[in-house]
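**Student:** Chains as they are written, first to last, in the working numbering: chain A, 72 to 376; chain B, 1098 to 1345.
Each hint should be verified, as a subset may be incorrect.
[What the hints assert, rightly or not] Which chain B residues stay away from chain A? Per the calculated CB distances, all over 10 Å, these: (1) V1121; (2) Q1153; (3) G1154; (4) R1205; (5) G1248; (6) D1289; (7) L1320.
[To be verified] Simulated coverage check for chain A against chain B, where a stretch passes if three residues somewhere in it have a Cβ under 8 Å from a Cβ of chain B: (8) 122-133; (9) 136-147.
[Stated by the list, open to error] Interface residues of chain B toward chain A, partial, derived using beta-carbon atoms under 8 Å: (10) V1170; (11) R1172; (12) A1226; (13) V1227; (14) A1239.
Everything labelled a hint here was simulated from the structure, so no lab data went into it.
Positions of the beta carbon are idealized from the N, C-alpha and C atoms, including for glycine.
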Amino acid sequence: MEIYLPVAEMSVYWLVMIGLGLGVGFLSGMFGVGGGFLMTPLLVFSGIPSTVAVATTLSHVTASSVSGALAQWRKNAVDFTMAGVMLGGGVVGTVLGVWLFAHLRRQGQMDLIVSLTYVIMLGSIGTIMLRESLTTLTAYRSGQAPSSRPVNHVWIHRLPWKMRFRQSRLYISVIPPVVLGFFVGALGAIMGIGGGFIIVPAMIYLLRMPTNVVMGTSLVQIVALTAITTVLQATSNYSVDIVLALLLVIGGVVGAQMGVRAGAKLRGEQLRLLLAIVVLTVCLGLLWGLIAPPGDVYSLTLGVA
Amino acid sequence: MKRLVLTAALMMVLTGAARGEDLVSGISQDIIEITSNYTGTDIVVFGAIERPRAAQGRAIAVVVRGPSTLLTVRRRDRVAGVWVNRDSAKFDGMPSYYYLASTEPVDRLAPPRVLTRHGIGAEYLQPAAVGSHHDARPFREAALRHLKQDGLYKEAPGTIDFLSETLFRTRIPVPGEVARGQYNVEVYLLRDGEVVSAQSTPLFIDQTGIERRLFNLAHNAPLAYGLICVFMAMLLGWISSVLFRRPA
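Construct the complete structure from the given sequences, taking the supplied hints into account.
**Tutor:** This is the structure we're talking about:
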């Protein structure tokens, strides 16, 4: 029942890893996120070295996002122009992130920075999503039409280099998507995430993209970005474990398809409410890890730090 | 197995040089191959005492040392309500795996001076270099505590079985998560707190077969390896999407 991972240099129960892939894949298909923000902490918790966990999760994200992205593409719900523009910033961010990853590890501050970043990102995004989805749901319940056209961000419209994104029915500056892509690329390399949980809300609330193209577009840009980051991690940190990746991917792709089906039965704001709850739960768990007194204040690392 | 050990030991006794009390030893295998279902294994270390003197005052210690590594110990302190790594200490040249099987508890084998010189007992291991800006002792204690918890350092007094007056053996478990490389199996014969004879045999732990090839690929051709990972992920993602397209 156990299988040896050649790069992580340890053995794991392969059924557990496929199960992890399945569960996280289900959520990613359902919400249109990569699921890395769940997978990386779960892998670390099961004893996989954090460097291998971060780099290998990316393959799982690629795979479950490919099936999700293709499903969305068939529904004609992908804005390729937007995905391409974001990817431009994303590649630069990834290169910076992979370098920062190696630097933080030498300093011994890797875990702290990763946890802090997770808590801040998940906490703020989860809270925004929770509030918004609850407001919309309450509006539905009381029989009112939800105020679908929210306040415009005036400053975004003052930025130069405007571009037409036909699929999203937007005419905005390329700066916000490029900066968003850069930011997500850097975080992805450090945290082992595709960044869907940042991209999806940012597309909805910041770029004001229509909800129906948000999922597909974010998935396409996640596929491209995680593929690039995987190659970068493999060449600079040698930390991608192909056997572990295969196990996670097998579970992930099946779970993602099931998730897409389950997600189609729910309304947008219901999905966002559920995602908000998942995000906030992970956030609280990580926050507890930061502030709870540790069982042992000393920690040990073997090998070249 | 037992007969094999006895024959081997007998031959060693017959070919030994004619002097004082001496020791010969061997191990059941000198290569451990890590395959896809490797979860740890046992090795048997056996030995014989040549020209034995009184059993009184005699002790045997078997030490297995893994490849040396750098230990980095960090201490967390509370800063603004968050636990942050602050001070650290580095110990270089420490074994990545350490196992001691002995006839007596460590402290009864020999005085600390002897134990330190030969590196017998986890507490007596001396790092080649210490990097620390402050008292390294609590860090060193913490390192040993962690290594023992993780099963990487272990002391097992009273685990050496005597098959006869002079023939002994011990079974040493090698856990699944150990560093690859050259290990040394050292057998010490002690009398009245002094080492009278010692023998060291190398033991290699390495990956083999497909694991070996994948590991080599990851390190020698990382670009191809990374691209294979991405291709595999995309292919499986696409296959599942095709399979699931037809309404179930």
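**Student:** It remains to establish, for every hint, whether it holds in the given structure.
**Tutor:** Each hint, compared with the structure:
Look at V1121 (chain B): its CB is around 34 Å from the nearest CB on chain A, clear of 10 Å, so calling it non-interface holds up. With a closest Cβ-Cβ approach of about 41 Å to chain A, Q1153 (chain B) is found to remain outside the 10 Å limit, as its non-interface label requires. Once the 10 Å rule is applied to beta carbons, G1154 (chain B) is consistent with being away from chain A; the minimum gap is 38 Å. Against chain A, the non-interface label of R1205 (chain B) holds: every CB pair exceeds 10 Å, the least being about 29 Å.
No beta-carbon of chain A comes within 10 Å of the beta-carbon of G1248 (chain B); the shortest separation is about 12 Å. No Cβ of chain A approaches the Cβ of D1289 (chain B) within 10 Å, the least distance being about 37 Å, so the stated non-interface status holds. Not every CB of chain A lies more than 10 Å from the CB of L1320 (chain B), the least distance being 6 Å, so the non-interface label is violated. Counting residues of the segment 122-133 of chain A whose CB falls under 8 Å from any CB of chain B gives 3; the rule of at least 3 is met.
A count of 6 residues in the segment 136-147 of chain A with a Cβ less than 8 Å from any Cβ of chain B is obtained; the coverage claim is therefore met, three being the minimum. A cut of 8 Å between beta carbons decides the hint on V1170 (chain B): the least distance to chain A is about 5 Å, and the hint holds. Checking R1172 (chain B) against chain A by beta carbon gives a least distance of about 5 Å; that is within 8 Å, so the hint holds. Because the beta carbon of A1226 (chain B) sits about 14 Å from the nearest beta carbon in chain A, more than 8 Å, this interface hint is broken.
Given hint, V1227 (chain B) at the interface with chain A, is violated; its Cβ is 15 Å from that chain's nearest Cβ, farther than 8 Å. With 8 Å as the threshold, the beta carbon of A1239 (chain B) comes within range of chain A, its nearest partner Cβ sitting at about 3 Å, so the hint holds.
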